[in-house]
Amino acid sequence: MATTINVSVNGKKYQDEVEGRLLLVHYLRDKLRLTGTHVGCDTSSCGACTILVDGKAVKSCTMLAAQADGATIKTIEGMAEKGKLHPLQEGFKEKHGLQCGFCTPGMIMTAANLLEDNPHPSDEEIRHALEGNFCRCTGYHNIVEAIKYAADKSKGGDIEHADAKELEKPLFEVPS
Amino acid sequence: MTYIGKSVKRVEDQRFLTGKGNYTDDIVLPGMTYAYIVRSPYAHAKINGVDTSEAAALEGVVAIFTGEDVKEIGGVPCGWQVNFKNGDTMKEPPHPLMVRDKARHVGDAVAMIIAESKEIARDAADLVDVDYEELPAVVNAAEAVKDGAPLVHDDVPKNMCYDWELGNPKEEVDAAIESAHHVTTLEFVNQRVAPNPIEPRAAIGHFEAARDHYTLYTTSQNPHLTRLLLSAFTLGLPEHKVRVVAPDVGGGFGSKIFHYTEEALVIWASQQIERPVKWTSDRSEAFMTDAQGRDHVTKAEMGFDEEGNIVGLRINTFANLGAYLSTFSTCVPTWLHGTLLQGVYTTPKIHIDLTAVFTNTVAVDAYRGAGRPEATYLLERLIDTGALEMGMDPADLRFKNFIPPFDGVEQEGYMTQVALQYDSGNYEGVLKRALEMVGYENFRKEQEEGRKNGKLMGIGFSTYIEACGIAPSAVVGSLGARAGLYESAQVRVQPTGKVSVYTGSHSHGQGHETTFAQVVADKLGIPLEDVEIVHGDSEAVAFGMGTYGSRSLAVGGSAIVKSIDKVLEKGAKIAAHKLEAAVDDLEFAEGKWTVKGTDKSIGFADISLTAYVPHDYPENLEPGMDFSSFYDPANFTYPFGAHVAMVEVDKDTGKVTLKRFVAVDDVGNVINPMIVEGQIHGGLAQGIGQALFEETIYDENGQLINGSYMDYTMPRADDLPSFEVDRQVTPCPHNPLGVKGAGEAGTIGSTPAVVNAVMDALKPFGIKNLAMPLTPERVWRYMQE
Chain L
1 MATTINVSVN GKKYQDEVEG RLLLVHYLRD KLRLTGTHVG CDTSSCGACT
51 ILVDGKAVKS CTMLAAQADG ATIKTIEGMA EKGKLHPLQE GFKEKHGLQC
101 GFCTPGMIMT AANLLEDNPH PSDEEIRHAL EGNFCRCTGY HNIVEAIKYA
151 ADKSKGGDIE HADAKELEKP LFEVPS
Chain P
1 MTYIGKSVKR VEDQRFLTGK GNYTDDIVLP GMTYAYIVRS PYAHAKINGV
51 DTSEAAALEG VVAIFTGEDV KEIGGVPCGW QVNFKNGDTM KEPPHPLMVR
101 DKARHVGDAV AMIIAESKEI ARDAADLVDV DYEELPAVVN AAEAVKDGAP
151 LVHDDVPKNM CYDWELGNPK EEVDAAIESA HHVTTLEFVN QRVAPNPIEP
201 RAAIGHFEAA RDHYTLYTTS QNPHLTRLLL SAFTLGLPEH KVRVVAPDVG
251 GGFGSKIFHY TEEALVIWAS QQIERPVKWT SDRSEAFMTD AQGRDHVTKA
301 EMGFDEEGNI VGLRINTFAN LGAYLSTFST CVPTWLHGTL LQGVYTTPKI
351 HIDLTAVFTN TVAVDAYRGA GRPEATYLLE RLIDTGALEM GMDPADLRFK
401 NFIPPFDGVE QEGYMTQVAL QYDSGNYEGV LKRALEMVGY ENFRKEQEEG
451 RKNGKLMGIG FSTYIEACGI APSAVVGSLG ARAGLYESAQ VRVQPTGKVS
501 VYTGSHSHGQ GHETTFAQVV ADKLGIPLED VEIVHGDSEA VAFGMGTYGS
551 RSLAVGGSAI VKSIDKVLEK GAKIAAHKLE AAVDDLEFAE GKWTVKGTDK
601 SIGFADISLT AYVPHDYPEN LEPGMDFSSF YDPANFTYPF GAHVAMVEVD
651 KDTGKVTLKR FVAVDDVGNV INPMIVEGQI HGGLAQGIGQ ALFEETIYDE
701 NGQLINGSYM DYTMPRADDL PSFEVDRQVT PCPHNPLGVK GAGEAGTIGS
751 TPAVVNAVMD ALKPFGIKNL AMPLTPERVW RYMQE
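In order, the protein sequences belong to chains L and P. Per full-length UniProt numbering, the first sequence runs over residues 1 to 176. Per full-length UniProt numbering, the second sequence runs over residues 1 to 785.
Please note: incorrect hints may appear among the correct ones.
Said to hold, decoys possible - To be clear about the criterion: a stretch of chain P counts as covered by chain L if any three or more of its residues have a C-beta under 8 Å from a C-beta of chain L, and this derived list gives those stretches:
no., segment
1, 8–20
2, 279–293
3, 549–558
Treat the hints as calculated values from the structure; they're not laboratory data. Virtual Cβ for every residue (Gly too), placed ideally from N, Cα, C.
With these hints in hand, go ahead and build the complete structure from the sequences.
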């Protein structure tokens with residue numbers, strides 16, 4: 001059964017008909033072609049599909065697209081602004097926090113939520129926050145360093161999320 | 001040197017950090033269809049029939065194929081032939097794209113649904129009715145050879161693929177062990193683990209009838225080999241009409257080296273329906289179909305004299321190959337395992353007896369380290385256990401037995417008892433440095449104090465050696481390889497002096513686009529931004545042997561250097577002409593040729609332009625500046641290192657906490673320290689994972705009972721400490737960069753260090769042997785016994 005959803009993704013409004021069983025991650029990847037959000041498992045264990053839904057890190061395989069109706073979503077594609085990398089993206093580059101890059105978007109979105117809640121986390125707090133995200137390449141060492149870099153850089157202040165109220169503005173349909 | 005040796009930030013990061021990576025499953029082609037594969041739920045079952053009629057009637061189903069449809073196709077080949085001890089060829093049963101007679105492991109392909117969407121394909125799969133007749137299964141390698149064990153392949157007696165031996169004559173080794181002052185014996189399982197790159201495998205087949213052309217996009221570490229195998233063996237395609245692209249690949253760790261059946265299926269199916277076909281594995285499917293690693297059942301004996309000198313090593317191993325031969329599975333327990341049993345020690349007599357068997361499990365093949373972790377595990381466990389039994393210090397026992405330092409230039413390479421000649425090494429150097437970093441004496445004091453207070457602290461060592469960049473081709477050919485193991489590189493200087501480099505190795509996280517560019521930029525004296533590294537597309541790169549065995553820089557990098565040398569040689573001829581000097585009077589530095597002792601010079605970009613606009617040009621010299629090279633190494637490279645784990649065991653719960661991990665690795669010269677350290681970190685995590693967490697558990701029916709990320713335990717961020725890593729540099733004497741390879745070192749060294757540390761922590765309990773993984777439950781039970 002199809003339902004109509006209105007969502008804001010990376011500041012853009014979308015209105016779409018979605019099948020009831022369509023997972024949010026597949027809506028993002030297949031319908032909006034935002035393929036930076038990845039699928040690494042089928043048990044909500046790997047965190048590669050983590051995005052921000054109304055500012056909170058959510059594994060987008062645990063949510064139906066239909067449940068996202070009215071939500072403000074940010075994916076990895078929305079992190080850099082005006083060609084400038086987000087402090088977390090910069091941190092991952094500076095500290096070699098990524099190798100194959102597959103888990104990276106999910107790691108960054110999880111870390112964004114962490115720094116929003118806790119701008120100056122300890123190593124232990126960072127490792128705890130990353131518990132839901134697998135990385136098989138880095139051994140996590142440099143991911144921890146990358147997040148510390150971002151925490152220092154952003155001083156906890158400039159991790160921004162789109163305003164949920166923007167949703168009330170007129171909608172347009174994305175060409176499929 | 002401007003770039004070599006510096007931690008240059010990675011060129012490739014930008015696209016990954018902004019969500020613009022291009023992985024196989026991200027690719028959508030016009031008119032694309034989606035495949036879902038119906039797989040056997042039984043490890044061993046006769047197939048009496050497959051009824052696809054109901055599934056075919058579902059709206060949106062495009063086609064359904066079964067084993068019957070692909071019965072004329074031979075199946076995927078094995079790339080390495082190992083012979084029985086008596087000289088007979090190994091047993092090589094076919095590995096069909098889909099089965100029609102019987103299923104031999106859970107996940108064996110039975111039917112392929114192709115539909116307009118992946119959801120429809122999956123719905124249709126539920127409507128396929130397969131009539132299975134379940135048969136008894138065998139899963140354990142040592143059990144599989146026993147009389148009466150179920151036969152995986154009806155025509156392979158005792159499930160034996162081959163038996164094999166290596167080393168000194170058996171009777172000499174028996175005599176050395178029997179006359180030893182002390183013999184340490186361990187019987188253990190090096191458990192099977194799943195490589196588990198976070199990106200699941202995927203493949204898109206695209207046959208274009210109009211131009212009679214095939215394109216395969218695939219999650220491969222090795223696109224050219226896949227192309228060759230598809231063409232010469234699996235499907236018999238005309239190779240010049242086949243393009244294989246391995247775009248961004250989300251980790252491999254060995255499991256994406258191999259040519260898989262699905263790659264052939266999507267291409268074949270695309271030809272049948274004349275539309276692109278995409279297959280993407282889900283994680284459960286990956287556990288059923290990706291080649292797994294390790295799985296040895298071993299008895300290991302090490303003999304020592306009164307002083308603790310090793311006098312002999314005797315190994316008996318059963319290696320599980322799974323139900324079918326994967327591309328390189330046969331060489332892993334033999335030529336990548338038996339050949340490393342010298343370790344870093346002067347052991348005078350060594351013998352290994354190995355039996356490789358089929359079981360009703362998914363195939364086993366190279367997983368990060370491939371054979372070397374298994375060799376290192378048994379050696380390093382034996383040394384620490386020997387030290388414990390003889391009341392010696394495990395570090396001292398190692399110093400006593402190390403091969404003395406040799407550089408491979410002034411001193412000859414070290415000839416082992418097991419067929420290899422090590423290139424260069426300083427094994428005591430890395431252990432000395434590691435002990436300094438650990439603060440060994442202090443640790444022992446703390447440990448002693450801790451024990452008085454009931455605190456179980458332990459320290460474990462591992463001094464490993466490995467063999468990377470497997471080669472030369474003639475040697476591996478004589479050992480059974482059905483491929484050459486060289487690498488190719490094309491360096492194309494563009495008219496404006498920008499440089500495109502086409503390498504046959506493949507990056508799926510290793511950072512080739514940066515490291516290789518550093519080498520090229522330095523050698524040519526041009527900015528890093530002026531170099532682009534191209535890999536992973538057979539249409540762009542002429543040929544390649546891919547990335548595995550830590551070979552990319554040692555073999556692929558050397559091929560690039562060869563091509564650069566040709567560029568510089570030709571450039572010098574053009575420069576000599578332009579500067580009206582003799583070639584011998586020129587020197588090349590910082591991107592320009594200068595007439596020695598003068599200020600007359602000409603830059604790289606000017607020469608590049610002249611090569612393509614040859615108006616004022618040397619006679620008899622071809623225009624253009626574009627060179628290809630193939631580099632076939634003279635030998636393997638031999639990285640080594642010392643790893644030290646420090647653990648604390650909770651005596652109430654058995655939980656092992658890794659408190660510190662110190663790794664001193666010697667991977668030869670280092671081009672990018674940041675990337676090398678990253679490789680070590682990642683390797684450590686996987687090796688530690690095997691020691692403490694990871695194991696694929698098959699029940700007696702051949703069901704993998706932990707085949708998901710929910711059930712298979714991989715290290716998470718809060719399971720690991722930050723690592724303390726350092727380096728020693730002993731250059732490789734036989735390749736132009738002096739590099740050895742860093743991809744697998746961490747995994748090879750770390751596993752036994754952790755297990756030895758737990759054994760040390762449990763010393764008050766008198767435990768001498770431990771089984772991996774050291775889960776809290778298992779450790780708790782050891783303490784209760």
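In rising order, the numbers of the hints this structure does not comply with
The structure breaks only hint 3.
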